[in-house]
Amino acid sequence: MLSWLRQKLTAFVGSLRELPDYAESPERYKILRRNMIILMLVVTLLPLFLMGLINHYLYRQTMHDEIVQPLKILVNKTRHSFEVFLAERLSAVSFIASSHTCEELADTNNLNRIFTVMKKEFSGVVDLGFLNPSGLQVSYDGPYNLRGKDYTEQDWYRETRVRGSYISDVFLGYRKLPHIVMAVERSATGTGTCSGCVLRATIDTNRFKELLAAMRVDPASDVFLLNKSGVFQTPSKYYGEVLETFPMPLPPLSYEPNVAELRDSRGQEVMLTYAYFESLPFILMVVKPRSQVMQAWYTLKTEAFFVFAIGVVIIFVVIFKLVDKLVKRLEESDLRREMAYREMQESSKLASIGRLAAGVAHEVNNPLAIINEKAGLIKDLAEFTPDFPQKDRLLPLTGAILQSVDRCRTITQRLLGFARRMDVSIQMLSLNEVIEEVLGFLEKEALHRNIDVQLNLAKDLPRIASDRGQLQQVFLNILNNAFDAVRDGGKVAITSFEVDVDTVGVSIQDDGQGMTQETMAHLFEPFFTTKKGYGTGLGLSITYGIVKKLGGDIKVKSQLGAGATFTVFLPKKALPLARE
Amino acid sequence: MRVLLVDDEIEFVSALAERLTLRGLEAQTAGSGVEALRKIDASPPDVVLLDVLMPGMSGLEVLKQIKKDHPQVQVILLTGRGSWDGIQGIREGAYDCLMKPIQIEELLQIMTDAVESGRKNRTQKGA
Numbered sequence: 001m002l003s004w005l006r007q008k009l010t011a012f013v014g015s016l017r018e019l020p021d022y023a024e025s026p027e028r029y030k031i032l033r034r035n036m037i038i039l040m041l042v043v044t045l046l047p048l049f050l051m052g053l054i055n056h057y058l059y060r061q062t063m064h065d066e067i068v069q070p071l072k073i074l075v076n077k078t079r080h081s082f083e084v085f086l087a088e089r090l091s092a093v094s095f096i097a098s099s100h101t102c103e104e105l106a107d108t109n110n111l112n113r114i115f116t117v118m119k120k121e122f123s124g125v126v127d128l129g130f131l132n133p134s135g136l137q138v139s140y141d142g143p144y145n146l147r148g149k150d151y152t153e154q155d156w157y158r159e160t161r162v163r164g165s166y167i168s169d170v171f172l173g174y175r176k177l178p179h180i181v182m183a184v185e186r187s188a189t190g191t192g193t194c195s196g197c198v199l200r201a202t203i204d205t206n207r208f209k210e211l212l213a214a215m216r217v218d219p220a221s222d223v224f225l226l227n228k229s230g231v232f233q234t235p236s237k238y239y240g241e242v243l244e245t246f247p248m249p250l251p252p253l254s255y256e257p258n259v260a261e262l263r264d265s266r267g268q269e270v271m272l273t274y275a276y277f278e279s280l281p282f283i284l285m286v287v288k289p290r291s292q293v294m295q296a297w298y299t300l301k302t303e304a305f306f307v308f309a310i311g312v313v314i315i316f317v318v319i320f321k322l323v324d325k326l327v328k329r330l331e332e333s334d335l336r337r338e339m340a341y342r343e344m345q346e347s348s349k350l351a352s353i354g355r356l357a358a359g360v361a362h363e364v365n366n367p368l369a370i371i372n373e374k375a376g377l378i379k380d381l382a383e384f385t386p387d388f389p390q391k392d393r394l395l396p397l398t399g400a401i402l403q404s405v406d407r408c409r410t411i412t413q414r415l416l417g418f419a420r421r422m423d424v425s426i427q428m429l430s431l432n433e434v435i436e437e438v439l440g441f442l443e444k445e446a447l448h449r450n451i452d453v454q455l456n457l458a459k460d461l462p463r464i465a466s467d468r469g470q471l472q473q474v475f476l477n478i479l480n481n482a483f484d485a486v487r488d489g490g491k492v493a494i495t496s497f498e499v500d501v502d503t504v505g506v507s508i509q510d511d512g513q514g515m516t517q518e519t520m521a522h523l524f525e526p527f528f529t530t531k532k533g534y535g536t537g538l539g540l541s542i543t544y545g546i547v548k549k550l551g552g553d554i555k556v557k558s559q560l561g562a563g564a565t566f567t568v569f570l571p572k573k574a575l576p577l578a579r580e
Numbered sequence: 001m002r003v004l005l006v007d008d009e010i011e012f013v014s015a016l017a018e019r020l021t022l023r024g025l026e027a028q029t030a031g032s033g034v035e036a037l038r039k040i041d042a043s044p045p046d047v048v049l050l051d052v053l054m055p056g057m058s059g060l061e062v063l064k065q066i067k068k069d070h071p072q073v074q075v076i077l078l079t080g081r082g083s084w085d086g087i088q089g090i091r092e093g094a095y096d097c098l099m100k101p102i103q104i105e106e107l108l109q110i111m112t113d114a115v116e117s118g119r120k121n122r123t124q125k126g127a
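Chains as they are written, first to last, in the numbering used here: chain A, 1 to 580; chain B, 1 to 127.
A portion of the hints provided could be inaccurate.
[To be verified] Listed next, the in silico EDC-like pairs over lysine to aspartate or glutamate satisfying Cα-Cα at most 20 Å (straight line):
1. A:Lys-72 <-> A:Glu-256
2. A:Lys-374 <-> B:Glu-105
3. A:Lys-72 <-> A:Glu-303
4. A:Lys-491 <-> A:Glu-436
5. B:Lys-120 <-> A:Glu-436
6. B:Lys-64 <-> A:Asp-502
7. A:Lys-149 <-> A:Glu-159
8. A:Lys-548 <-> A:Asp-502
9. A:Lys-374 <-> B:Asp-46
10. B:Lys-120 <-> A:Asp-324
11. A:Lys-459 <-> B:Glu-116
12. A:Lys-374 <-> B:Asp-8
13. B:Lys-68 <-> A:Asp-502
14. A:Lys-374 <-> B:Glu-18
15. A:Lys-459 <-> B:Glu-105
16. A:Lys-72 <-> A:Asp-218
17. A:Lys-30 <-> A:Asp-324
18. A:Lys-391 <-> B:Glu-18
19. A:Lys-77 <-> A:Glu-66
20. B:Lys-67 <-> A:Asp-502
21. A:Lys-459 <-> B:Glu-11
22. B:Lys-120 <-> A:Asp-500
23. B:Lys-120 <-> A:Glu-498
24. A:Lys-149 <-> B:Glu-116
25. A:Lys-149 <-> A:Glu-103
26. A:Lys-228 <-> A:Glu-103
27. A:Lys-301 <-> A:Glu-66
28. A:Lys-374 <-> B:Glu-116
[Unchecked claim] Partial list, computed: chain A residues near chain B (C-beta under 10 Å):
29. Gly-399
30. Asp-406
31. Leu-461
32. Gly-469
33. Glu-498
[As the list claims (entries may be wrong)] Computed spacing ranges between beta-carbons, pair by pair:
34. A:Leu-397 <-> B:Thr-21: 35 to 45 Å
35. B:Gln-65 <-> A:Leu-397: 14 to 24 Å
36. B:Arg-122 <-> A:Thr-516: 55 to 65 Å
Hints listed in this document are in silico derivations from the structure and should not be mistaken for laboratory results. Heads up, the beta-carbon is just placed ideally off N, CA and C, and yes, glycines get one too.
So that you can see chain B by itself, here it is in the shape it has in the complex:
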């Protein structure tokens, strides 16, 4: 599974990326929305882990852009705040929303479900 982690908190994102790599995933990081979109355009991942609160482009704006340009990419939002981000995110097409600090096992499960779900929907739609 190919994952892109997007968060302006470098320490957090780098540690998480390494942990995912240890578990056999291909993890990349981006420190801003702009950087993330560039990397996605270059090489779309399976899942994007997106922090909601970022300077510059907000997580939601990035989400909208991703869903517009790369609808097959599943997005999972990360937030330190509350469920409101989650609800908005879901409306914009995110698969789920998790609260920081996250349980890595839970994250892995949800990512797997997301990819599986995306694949199922594509086959259903005959994409």
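For reference, chain A alone in the conformation it holds in the complex:
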């Protein structure tokens, strides 16, 4: 099973590494696409996930601490408040005990006075009592009738006698109300000789509640004081009343504010922030529902997840689209390259065929010429000799031979033309022929409009080497302009002549409206036209360009109202630039 898996994996990774470039099947683009998508997804998503994970834990921790830290500080501060509160009162009691003699304290009136002052100065003191060394409360001031009570059996009394001073945790005393007691044993070093007397004050736990309320924890949280055995010293919102037991195991001892997370007695996940008091028998505890603590975190987590999900979706979409486009382009370019290659092959094949054809044609032309002349000679002999025997039979025969030679000639011309078509179009041509060809295009118009076309083409005009197609363009353009210039029934005269040993000329004259000097100056400029609206203004500029390229020149003569004459001069030999 494992080996199969490993095999598959290796094959897959291998296929990723060697993206098939020149595989023949059309499958190769699918494979390429798939591989690219996978690669890109892995490369983008893996770091994203890792980042997401790392951030998840980091943020959770940070958020946690952000909630927890202030709570710890608050717990610390509140604990300190408690300690100060109780320390103040204990100091007061201690001071009173030390600064008065036992006799003074045993005197109820004195005690009353002291207590009144004490009550005024220190809030939360409920009563004050003085016990003799036997544990009997000999003087008392307070709301209850407790003078004469024996406290020897009470824990707090015993502790005070042992320790010298003592603060109790909350308990229900004789009065069935929760209070705490703080007591100080009068030491021998104080005023007077009494030792073993105890001065005792009761503190109202309401003050505790006030101190806790000052924390201003949020409504969902619970804050209370426990003693070190887990008994509530102040009432808890959710877990019990005063003197009931904390329903959960106590968190481990810690004087530094600490946090514990557990499931409470109601089944909820809660966070306990607590601190043990050092010298007092208390634990301060804040209970916060975990959901609340982590509320911000959950919100952040949801938002982050949202962004993450959208990001992943976008990544997917983008990658798919991108890869698709890329592969498509690749496919196209591969196709185009193949086509170009094939075209090249084709054209090189054609070129070879062309060259072959040209070679064949050339080879054939020579014997063909011989046949032509020989048969021609026979015909000539028959024709020129008056009594040639069997002339009537001979002439048709030679005629047939010569006709066949003509047919072959056409074929070889075509073959050579085919070869030539690859390259350039310079050829020996008769200008008169070209003009007549071009006139063929304008025949109909001339007929319709009754335009009189006069041809004065030189009969012995030498043939020139030039580009047939381009010359046709030139003359067509000039003739078109001439036709446009004349009215119906007008006249266009075309003359061809030999200028000198190197040059021939063609002039085209019309009796149309003519041109101004102004127009003539701009005549051959591109985009210059007098035909507003339908003229492109390009005809003559192109014509001028062609003539110049063929090594010739154009001249214009015109007078407004007296027609115009265009003369084209062309060299007999094509320019050196024209190569085959």
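Starting from the known structure of chain A, arrange chain B on it as the hints suggest.
Frame of chain A; chain B shown alone:
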């Protein structure tokens, strides 16, 4: 009109020469460039019909030589190949270039034009 036909293809050239003779021209033949130049130097014709492709001296070389030594002699090139020979020839001074096999009427016309043209140019130049 006095014509010299230059071509290494004897059959062709002899038949053509005879045809021209039948039509009243004075036709001579030469089988190579060297022979042609010798005959031209001896007695210059009006027109030379020159084959482009010949062993030994090429038609073009002969043309150049003729134009150098006897500029008044008109040269018409003959080729079985294509117009490129023609263009080169024209540049070197040939009057025209015809493709084999030729139409004899066309040839006659061009030869006449060539001679006429040569004469006109000479009168113009005041030669």
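Inset, instruction - Mind checking the alpha carbons of Lys-77 of chain A and Glu-66 of chain A for me, to see if they're no more than 20 Å apart? - result: holds (17 Å)
Legend entry - Verdict for Arg-122 of chain B, Thr-516 of chain A (Cβ pair) under range 55 to 65 Å: This hint is violated: roughly 43 Å between Cβ atoms.
Inset, instruction - So, Gly-469 of chain A near chain B? Judge it on the closest CB pair being under 10 Å. - result: This hint is violated: Gly-469 of chain A lies away from chain B, its Cβ roughly 14 Å from the closest one there, beyond 10 Å.
Legend entry - Beta-carbon spacing of Gln-65 of chain B to Leu-397 of chain A - inside the hinted bounds 14 to 24 Å or not: violated (42 Å)
Inset, instruction - For the pair we were handed, Lys-374 of chain A and Glu-18 of chain B, check the Cα-Cα distance against 20 Å. - result: holds (10 Å)
Legend entry - Distance restraint between Lys-459 of chain A and Glu-105 of chain B, which requires alpha-carbon spacing of 20 Å or less: Holds, at about 14 Å.
Inset, instruction - Below or equal to 20 Å on CA atoms is what counts here, so check Lys-548 of chain A against Asp-502 of chain A. - result: Answer holds: Lys-548 of chain A to Asp-502 of chain A is near 16 Å, not above 20 Å.
Legend entry - Agreement of Lys-491 of chain A and Glu-436 of chain A with the hint, judged by alpha carbon distance not exceeding 20 Å: holds (17 Å)
Legend entry - Hinted pair Lys-72 of chain A and Asp-218 of chain A, Cα distance within 20 Å: holds (15 Å)
Legend entry - Hinted pair Lys-459 of chain A and Glu-116 of chain B, Cα distance within 20 Å: Distance ~12 Å between Lys-459 of chain A and Glu-116 of chain B Cα, so the pair holds.
Legend entry - Pair hint outcome, Lys-120 of chain B versus Glu-498 of chain A [Cα-Cα no greater than 20 Å]: Given pair Lys-120 of chain B, Glu-498 of chain A holds - Cα atoms ~10 Å apart, limit 20 Å.
Inset, instruction - Would you mind confirming whether the straight-line C-alpha gap from Lys-64 of chain B to Asp-502 of chain A stays at or under 20 Å? - result: holds (17 Å)
When the structure is compared with the earlier hints, violations turn up for hints 3, 5, 9, 10, 21, 24, 26, 28, 29, 32, 34, 35, 36 and for no others.
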